[in-house]
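S.K.: Given next are the chains, with one letter for each unit.
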Amino acid sequence: MLKLFKRKKSVVAQGGDTESLQVEVASQWKLMWWKFRKHKLAMMSGVIVIILYLMAIFCEFFAPRSGFTNNSKYALVPPQAIHLLMDGKVGLYVFGYTYTRDPVSLQRIWVLDKATIIPVGLFVRGEPYKLWGLIPGDIHLIGARNTEDPFFLFGADRIGRDVFSRVIFSARISLTVGLVGVALSFILGILVGGISGLIGGTLDNIIQRIIEILISIPTLPFWLALAAMVPINWSPLRTYFMISMILTLLSWMGLARVVRSKFLAMRNEDFVLAAQLDGCNNMRLITRHMLPSFMSHIIASVTLSIPGMIIGETALSFLGLGLRPPAVSWGVMLQDCQKIVAIANIPWLLAPAGAVFITVLAMNFLGDGLRDAADPYQS
Amino acid sequence: MTSLDILLEVKDLRIHFFTDEGIVKAVDGIDMNIFRGRTLCLVGESGCGKSVACRAFLNIIRSPGRIVSGEMNYYKRTTDNLVNVIDIAKLPPKGDKIRQIRGKEIAIIFQEPMTSLSMMHTVGDQIMESILLHSDATRIEARKQAIELLDRVGLPKPDRLVDEYPFRLSGGMRQRAMIAMALSCNPHMLIADEPTTALDVTTQAQIVDLIHDLQRQLNMAVLYITHDLGVVAEVADDVAVMYLGKIVEFSDVHTIFHAPMHPYTQALLRSIPKIAIEREELDPIKGMVPSPFRRPSGCPFNPRCSKMMEKCTSVEPKITALGENHTVQCLLYE
Amino acid sequence: MGKKDKTMRKYLLRRFLTMILTVFFISIITFIIIQLPPGDYVTNIINRMVSQGASSPSPEDVALLRKIYGLNDPMPVQYMKWIEKIIFQGKFGYSFTYQKDAIEIITARLPASFVLSLSSFMFVWIISLPIGIYSAVKKYSVGDYVVNFIGFVGLAIPSFLLALVCLYVSYKYFGVAAIGLFSKEFQNAPWSVARVIDLLKHLWIPMIIVGISGTAGLIRTLRANLLDELNKPYVDTARAKGLPEARLLWKYPVRHALNPFISTLGWMLPGLISGEVIVAIVLNLPTSGPILYNALASQDMYVAAGFLLLLSTLTVIGTFISDILLALLDPRIRFQ
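Residue numbers (our numbering), protein chains in the order written: chain H, 1 to 379; chain L, 1 to 334; chain V, 1 to 336.
Be aware that a few hints might be false.
Here are the simulated DSS-like cross-link-like pairs (lysine-lysine), alpha carbons at most 25 Å apart as the crow flies [stated by the list, open to error]: (1) H/K114 - H/K73; (2) H/K40 - V/K138; (3) V/K232 - L/K104; (4) H/K339 - V/K100; (5) V/K139 - H/K38.
What follows is a list of derived Cβ distance ranges for each label pair [stated by the list, open to error]: (6) H/P128 - V/I126: 33 to 39 Å; (7) V/V146 - H/I135: 44 to 50 Å; (8) V/I28 - H/G354: 51 to 57 Å; (9) H/Q338 - V/K184: 51 to 57 Å; (10) H/R284 - L/R168: 35 to 41 Å; (11) L/K318 - H/A265: 50 to 56 Å; (12) H/P128 - V/A178: 41 to 47 Å.
Partial selection, computed: residues in chain L whose CB lies under 10 Å from chain V [what the hints assert, rightly or not]: (13) K104; (14) E324; (15) T327.
Hints were generated in silico from the structure; no laboratory data involved.
Every residue, glycine too, gets a C-beta built ideally from N, C-alpha and C.
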């Protein structure tokens, strides 16, 4: 389909300066890429998003520990900062821990112990895992050289689970719920928007009214209501898909509207008429001529709707109406933060909020960059 | 041509655009004289700088463009029949003084009336705005004047039209409304930047006639920007031919059409298809207008010139006078 | 002026009818939602009776109860009865959790929701209009970059996370464990002038929390639109007429950019109300949020339905008003 747009043409002048008269034509995607490249912030964000998704895909490798094993010995340890220089030697190090016992509750209160130095390495052998539950391995991107040593970059939670690892494991869920939801919205949006825009007339009117009605609904209360209906005894996987569908239900309209307006505009374009006169049937018309011309806009819109999904899932899970333990997502992790008084001295439990923030910020910048680049001829 | 008749005297005007990719010399040293009651047509291909030049006369050039040097002396007649000379090039673009010239002394109509008029305001409102800005009229008087103006430019039912929004009018009607708006303060000069390019041929003829009539009624000077030589032949008294920011030839319309001296002017006239003469092929000017970032050295026209000499690639021609009212910028005549 | 009135009236009528239709559809959706959980009104009453020690009723009694409460009627009939009761009697049903009429609970909480949503709305446009204009006119200045940055950050923090962080900060550094809408004395007091003043004193933090991401988005929209408009030919025309720059700016490009601004603003209402609900849950404010949440969690269906319906109606009315405003402002809309 893309080859349609790749033409290279050169026009040689009659005498005079040949160099200044050669004409080259770049493909649509090349133009888009050139324009996107200029947007430094979007490029950086693109890199960050790619890293985030790599972490989500290979979370067992990226995380120092499993997101699920607990070590109640180290409950609520504070975060360890990485130091690059220790006693004149360059390397990665963290400080160890000592504890005192609270006289009343008899619980351990952990603090960083500058006397204990724990060497840290990259690509270390650590806790064994099964990548995607299939491929066994035990190399971790970063971790303590000695597997027994405590390594909690973001501290630990109440039952001793490594917050940093859990944040990375959560990425797998939080980032993909967004994708599944957006994919569903995409299909719905293109179908409904396409039908509406192409067929027009009364059907278009009816669909438009329905969309208007749906857009008027305040999403969160209805997400809460629908999510509350999901039975508690459903498996995490089923719940995951149900939540995706609930999120999609109230978000597909935006994309449908964009698609519809593009199709409507297309109908009056000369190149469509030319294709029809050439003898194209409707299917070919849509796939080879119309869709490529606004595919870039669709991509931009889709990218911009992912953050909404991520925030939606986080909100629902945070309120206990989305995913539930043992599944882990950023929202589920934030459930531990509901009682502010309880976490006053355990601020590292708010780490997932930071992860959400970075993800949403990066996706917004990326989506903006894509949207600006989508129309390469726009100033 | 007495000095009483001169309205605008342009000397060595240079306008440069300071873009990220480099400096574009959109207008590169032009001289021009505009006289009361006469029509000067500024002709040239797209990108020659004619639109930029005309915007300079009102100092409404958008950044990154700037007037770099030159004079634009406007000869303003006072009530005692004396003449005040104001150099527009020196007036600060956001100051009071230039605003007294805009709309009142010199008015402009643009090529695309659809985008040049505001869709949120009625036709009447936009015309009245000029009137209220430059005179002491009350709103009621201004509205009356607006209706009269709409009638004058040939619009039907002006008392209803005055409350209409521009998007409800056809292209020709919108252009007439723009003309009404431009003339609302009886300016001494009207700049028409390709006013008919966006219109169909019949409407084009009507608008051209309208401007012509109004000019005669008001004894206005008209600076007509166009690339259509047919229009030039019909309305021009004088013609200035522009190429890549320079006026390559300037004279009265008869001389330009019957005795053009500059190779570019000659090539332009040759390229017009003539019904009476039988020809197999069209005779276009060879080559293309070069990119503004890759201006040819020496005379800008040299890559496409049929009479090019060797020194044309290195020496820039100066403006040479060939007669009382005929200048040309070409090394053939220096 | 007569022509303007006529097209305006026709548009008003169209939008009004659409609004009624929208509320009607939402009521159907809401009704369907409250039918989803297992069991019904009678089951709930029986469960409550049994948990209080009464004996389980016989199947015949249960069937009789069902008949009395009309639960054997087909769904559309049940819906009609539910809607009739709401419209004509103002009765939303019974709350099992609080053992009161749902309407009492709703009226205790809905006004505060309304006030918070409305004040966030005011906050959003009062802040974003001048900042958006400034940011576009003084493009690439320091102020512009700062505004842009804050805008992006504000956009990325969902309101409930911001609420969480604010709560944390206020407790850790100011020793205040709760951000609420009232001080202790006025929490459950009846409405009075003093209570209103107390509310206004406490309103501003929740208002900012709810409104900030909307503000960020709107500033960006306005800036982008205004930048577009500033480049358009009609600005040249206005300048060529001799208009002073400031007047030119407000009369033309701002006026044109105001349309997408207002339409974006109007359609932010669903988002603001959503935001208000979830922020209220996090901060435990005395508005609809916490009650709705509890009602959904404990399947107190009539209370939940009442809030869903009323919150949606609030939203729809709000968007209706903003559409009217837009039509007043933009003549092209009326002619569509």
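S.K.: Out of the numbered hints, which ones does the structure contradict?
M.R.: Structure breaks hints 4, 6, 8, 9, 14 and 15.
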